[in-house]
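Enquirer: Sequence:
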Amino acid sequence: MITDLLTPLHYDYMLRAIWVSAMIGGVCGFLSSFVTLKGWSLMGDALSHAVVPGV
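Position one of the sequence shown corresponds to residue 138 (the numbering used here), numbered consecutively onward.
Just so you know, the hints here were simulated from the structure itself, not pulled from any lab data. Among these hints, one or two may not hold up.
[Stated by the list, open to error] Beta-carbon label-pair distances, calculated as ranges:
{"id": "1", "residue 1": "Gly163", "residue 2": "Leu142", "range": "17 to 27 Å"}
{"id": "2", "residue 1": "Gly181", "residue 2": "Val157", "range": "16 to 26 Å"}
{"id": "3", "residue 1": "Cys165", "residue 2": "Thr140", "range": "41 to 51 Å"}
{"id": "4", "residue 1": "Gly162", "residue 2": "Thr140", "range": "20 to 30 Å"}
{"id": "5", "residue 1": "Gly162", "residue 2": "Leu184", "range": "17 to 27 Å"}
{"id": "6", "residue 1": "Val189", "residue 2": "Gly166", "range": "22 to 32 Å"}
{"id": "7", "residue 1": "Met151", "residue 2": "Ala183", "range": "15 to 25 Å"}
{"id": "8", "residue 1": "His147", "residue 2": "Leu179", "range": "28 to 38 Å"}
{"id": "9", "residue 1": "Gly176", "residue 2": "Leu146", "range": "37 to 47 Å"}
For each residue, glycine too, the CB sits at the ideal point set by N, CA and C.
Put together the whole structure using the sequences plus the hints.
Expert: Take a look at the structure:
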């Protein structure tokens, strides 16, 4: 059972995906605290609503 869970880690693309996800998570965590401290906390909400008509 544990080998079934660890099998995806043998593929390079899975390791790359995990690495990129961790890096993006760290950057987003840093940026979200920075944006909140600057008082721009609604900027993400405004940006997401601005993108919706393009979809």
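Enquirer: For every hint, state whether the structure bears it out.
Expert: Results for each hint:
For Gly163 and Leu142, the Cβ-Cβ distance of about 24 Å falls inside the hinted range of 17 to 27 Å, so the restraint holds. For Gly181 and Val157, the Cβ-Cβ distance of about 20 Å falls inside the hinted range of 16 to 26 Å, so the restraint holds. For Cys165 paired with Thr140, a C-beta distance near 32 Å fails the hint of 41 to 51 Å. Remark: the range hint 20 to 30 Å for Gly162 to Thr140 is upheld by a beta-carbon distance near 27 Å.
Checking the proposed 17 to 27 Å range against Gly162 and Leu184 shows it holds: the Cβ atoms sit about 19 Å from each other. The hint said 22 to 32 Å for the Cβ distance between Val189 and Gly166, and at roughly 25 Å that hint holds. Taking the beta carbon of each, Met151 and Ala183 are about 35 Å apart, not inside 15 to 25 Å as hinted. Here the CB-CB span from His147 to Leu179 is close to 44 Å, at odds with the stated 28 to 38 Å.
A hinted range of 37 to 47 Å holds for the C-beta pair Gly176 and Leu146, which are about 42 Å apart.
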